[in-house]
Amino acid sequence: MKRKTIAGLVGAVLGAAVVAAPAHAQDVKIGLMAAISGPIAALAPPMAAASKLAVAHVNEQGGILNGGKLEAVLGDSACNPQNATDTATKAVNIDRVLAIVGPACSGAVLATANSVAVPAGVLLITPSGTSPEITKLADKDLVFRTLPSDDYQGRALARTLKARGIEKVAVAYLNNDYGKGLAESFKAEFEANGGTLAGYSGHEEGKASYRSELATLARGGADTLVIFDYGDGTGLTILRQSLENGFFKTFVGADGMKSEGLVKSIGAQNLDGFFVSAPVGEASASLDNFNKAYKAAGENIDAVFATTSYDAAFLAALAIEKAGGDKAKLAESLRAVAMAPGEPIMAGEWAKAKQLIAEGKDIDYKGAGGDHEFDAAGDVPGKYAFFKVSGTGYESVADMQ
Amino acid sequence: MSFLEFLNFHLVPGIVLGSVYAVGAIGITLVFGILRFAHFAHGDMATLGAFIALALVTAGLTPWAALPVAMAAVAVVAIVVDKLFYDYLKARPKIMTVMASLGVALMLRAVVQVVFGVDPRTYATGIVRPDDYFGILLRDRELYTLAAVVLIVVGLTLFLRHSRWGKAMRAMSDNPDLARLSGVDNRKVTMLTWAIVGALCAASGFMLGINNELQSMMGWQVLLPMFAAAILGGVGRVEGAVLGGLIVGVAEEMSIFILPAQYKAATAFVLLLLILLVRPRGLLNGKVL
Chain A
1 MKRKTIAGLV GAVLGAAVVA APAHAQDVKI GLMAAISGPI AALAPPMAAA
51 SKLAVAHVNE QGGILNGGKL EAVLGDSACN PQNATDTATK AVNIDRVLAI
101 VGPACSGAVL ATANSVAVPA GVLLITPSGT SPEITKLADK DLVFRTLPSD
151 DYQGRALART LKARGIEKVA VAYLNNDYGK GLAESFKAEF EANGGTLAGY
201 SGHEEGKASY RSELATLARG GADTLVIFDY GDGTGLTILR QSLENGFFKT
251 FVGADGMKSE GLVKSIGAQN LDGFFVSAPV GEASASLDNF NKAYKAAGEN
301 IDAVFATTSY DAAFLAALAI EKAGGDKAKL AESLRAVAMA PGEPIMAGEW
351 AKAKQLIAEG KDIDYKGAGG DHEFDAAGDV PGKYAFFKVS GTGYESVADM
401 Q
Chain B
402 MSFLEFLNFH LVPGIVLGSV YAVGAIGITL VFGILRFAHF AHGDMATLGA
452 FIALALVTAG LTPWAALPVA MAAVAVVAIV VDKLFYDYLK ARPKIMTVMA
502 SLGVALMLRA VVQVVFGVDP RTYATGIVRP DDYFGILLRD RELYTLAAVV
552 LIVVGLTLFL RHSRWGKAMR AMSDNPDLAR LSGVDNRKVT MLTWAIVGAL
602 CAASGFMLGI NNELQSMMGW QVLLPMFAAA ILGGVGRVEG AVLGGLIVGV
652 AEEMSIFILP AQYKAATAFV LLLLILLVRP RGLLNGKVL
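Protein chains in written order, with this note's numbering: chain A, 1 to 401; chain B, 402 to 690.
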């Protein structure tokens with residue numbers, strides 16, 4: 001009896017879905033693969049909020065295609081290849097998304113691209129996957145990113161440290177695609193500029209103690225430790241144990257370490273010697289547009305990856321609009337809407353873009369996080385700043401070359 | 402490298418870490434020995450305990466005062482989990498209970514993530530620089546951790562050796578049918594075992610948290626070293642779990658001398674494989690599984 005009731009209910013729900021389907025025929029779904037749990041969890045909410053802001057802009061200003069609604073299907077990629085692949089498979093096969101914004105972490109991007117997005121022909125735009133390995137993907141031109149590869153960041157960071165008079169550093173990197181990629185480009189550039197690496201070692205995530213590794217690194221005699229890790233994961237443990245044991249005086253991290261949870265947990269008063277690099281949007285009218293809207297939504301405009309998350313979702317929507325919802329044309333449409341020449345479109349100007357596309361005119365999206373002139377591999381050049389801890393957050397101290 | 406450096410940065414962290422592993426491994430070995438299955442939810446139960454203590458600390462208790470309360474709370478949770486899930490599968494093959502415990506692990510973790518969020522948390526903000534004891538650097542929390550572990554181990558050993566219920570637990574571990582025939586109430590012993598296991602979980606999670614930070618994945622990540630410790634010492638042997646925990650903890654911190662740091666996590670694996678190959682009953686001659 002019970003089983004019959006359930007079967008009846010399921011049938012009724014399915015029937016309702018079939019009946020309801022035609023009314024939403026114009027709706028378009030994109031997958032939003034945020035790293036809600038896992039080592040960069042604290043970065044995820046502002047990123048998802050920024051992507052959703054882009055979706056809201058689309059829906060407020062005329063919707064997508066023939067007045068349809070753009071819907072963001074939120075999934076948890078957990079900064080982990082397995083979770084990301086599962087979530088992406090669900091998004092592609094069950095929710096039938098046309099494009100994926102995310103996943104957030106490089107290893108997750110590589111796995112999702114190889115096993116889900118590229119085989120299914122779904123466009124993938126990551127707002128924060130920065131590993132140089134992503135450049136090398138055989139991706140049928142389906143994988144893009146709205147922020148520069150870490151190859152640039154590692155090199156820029158190496159030059160910045162040299163310029164600040166730091167000659168000798170030790171490097172501790174998380175042994176995954178993100179940490180290793182950064183560490184390798186940093187090492188190459190730092191040594192090429194005459195700097196000395198007094199220690200260079202990878203570590204696994206999730207251990208309770210890193211004191212023996214740190215003691216070994218400290219024995220090299222450097223005062224500065226460069227940490228390529230996540231500030232909400234192992235990076236926090238490493239920083240805490242280094243500070244408590246006095247292994248190093250100065251600590252430098254990359255974008256993954258720029259976490260407010262880290263400042264809260266260790267305390268700003270203990271973090272005088274802690275600096276991070278992170279990509280920043282160049283001052284532009286588009287960035288102002290974004291900042292105004294993002295602030296109005298009650299978010300903090302200094303959140304890392306917020307601009308790139310907005311741009312990734314907005315670009316995905318533009319590409320879908322341009323391609324008329326045709327999955328096969330998404331990649332070429334993305335290049336058409338993002339790159340010069342064309343009428344410039346700023347962040348938030350969906351109505352204008354929609355009209356120009358309808359008129360068959362070429363547009364060029366100038367994003368909040370950059371111009372997004374993709375190269376052949378789907379990468380963009382970028383700009384970084386060097387931050388120090390200030391209050392409960394971070395404050396930019398210098399631009400990086 | 403000086404001898405003091407070796408002590409401070411390799412041996413002492415290894416012993417502190419090892420004693421936390423030991424507390425977790427005792428729980429695992431009790432479930433293994435008395436209830437005869439591998440309890441995969443152990444790590445996440447530890448996480449739950451750590452976060453319950455955090456809630457109490459946020460409410461105004463000092464961390465070490467919050468510990469007993471958290472232990473009691475998780476003891477209750479463990480009994481409830483047993484009644485809801487494991488007890489129901491008692492008559493089925495043990496592998497089902499093992500898999501159910503994996504499911505329980507995911508559920509407990511999800512509860513922690515929903516209630517407390519996924520950001521790293523700490524019992525107290527800031528950092529603690531160590532005190533110098535004749536050249537050996539120790540923090541108060543490390544001394545308290547070691548003291549608490551000694552207290553737990555001695556207390557538990559006395560309980561198992563000399564009390565009526567402790568003897569009943571050991572009897573059930575040796576042979577459940579014979580124990581029942583001799584008048585031991587298996588259901589009560591099972592409940593008691595879960596209460597003790599839950600309390601030990603909370604203690605290990607708390608000590609892991611107070612020596613580092615609290616993360617929703619922290620328990621899951623120490624599950625493997627804890628299992629390695631339990632098997633290394635001999636399944637069902639409390640002293641074995643303590644010995645195994647210390648060996649695994651110290652070996653992890655020492656592995657840095659012979660292996661690149663990224664292979665540190667593999668140390669527990671290697672130890673587990675070696676012991677299963679050379680001495681499957683464990684160092685102190687536990688049960689064969």
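Just so you know, the hints here were simulated from the structure itself, not pulled from any lab data. Since the model is a prediction, treat every value here as computed from it, not as a measurement. We put the CB at the ideal spot given by N, CA and C, even for glycine. You may find that some hints are simply not true.
Distance windows between CB atoms, simulated [what the hints assert, rightly or not]: (1) A:Pro119 to B:Ala511: 43 to 49 Å; (2) A:Arg219 to B:Thr526: 26 to 32 Å; (3) B:Arg530 to A:Lys352: 39 to 45 Å; (4) B:Met508 to A:Asp375: 41 to 47 Å.
Covered stretches of chain B, going by a simulated chain A footprint (3 or more residues, C-beta under 8 Å) [what the hints assert, rightly or not]: (5) 456-465; (6) 616-626.
The list that follows gives simulated cross-link-like pairs (lysine to aspartate or glutamate, EDC-like), each with its CA atoms no further than 20 Å apart [unchecked claim]: (7) A:Lys361 to A:Glu343; (8) A:Lys52 to A:Glu71; (9) A:Lys327 to A:Glu205; (10) A:Lys249 to B:Asp520; (11) A:Lys329 to A:Asp302; (12) A:Lys264 to B:Asp520.
Here's how the hints hold up against the structure:
1. A:Pro119 to B:Ala511: 43 to 49 Å: violated, 30 Å
2. A:Arg219 to B:Thr526: 26 to 32 Å: Holds: the Cβ-Cβ distance is about 30 Å, inside 26 to 32 Å.
3. B:Arg530 to A:Lys352: 39 to 45 Å: Check failed, 58 Å falls outside 39 to 45 Å.
4. B:Met508 to A:Asp375: 41 to 47 Å: Holds, at about 46 Å.
5. 456-465: violated (count 0)
6. 616-626: holds (count 6)
7. A:Lys361 to A:Glu343: holds, 8 Å
8. A:Lys52 to A:Glu71: Distance of about 9 Å is within 20 Å: holds.
9. A:Lys327 to A:Glu205: Distance of about 38 Å is beyond 20 Å: violated.
10. A:Lys249 to B:Asp520: Distance ~26 Å between Lys249 of chain A and Asp520 of chain B Cα, so the pair is violated.
11. A:Lys329 to A:Asp302: Not satisfied, since the Cα-Cα distance of roughly 35 Å exceeds 20 Å.
12. A:Lys264 to B:Asp520: holds, 10 Å
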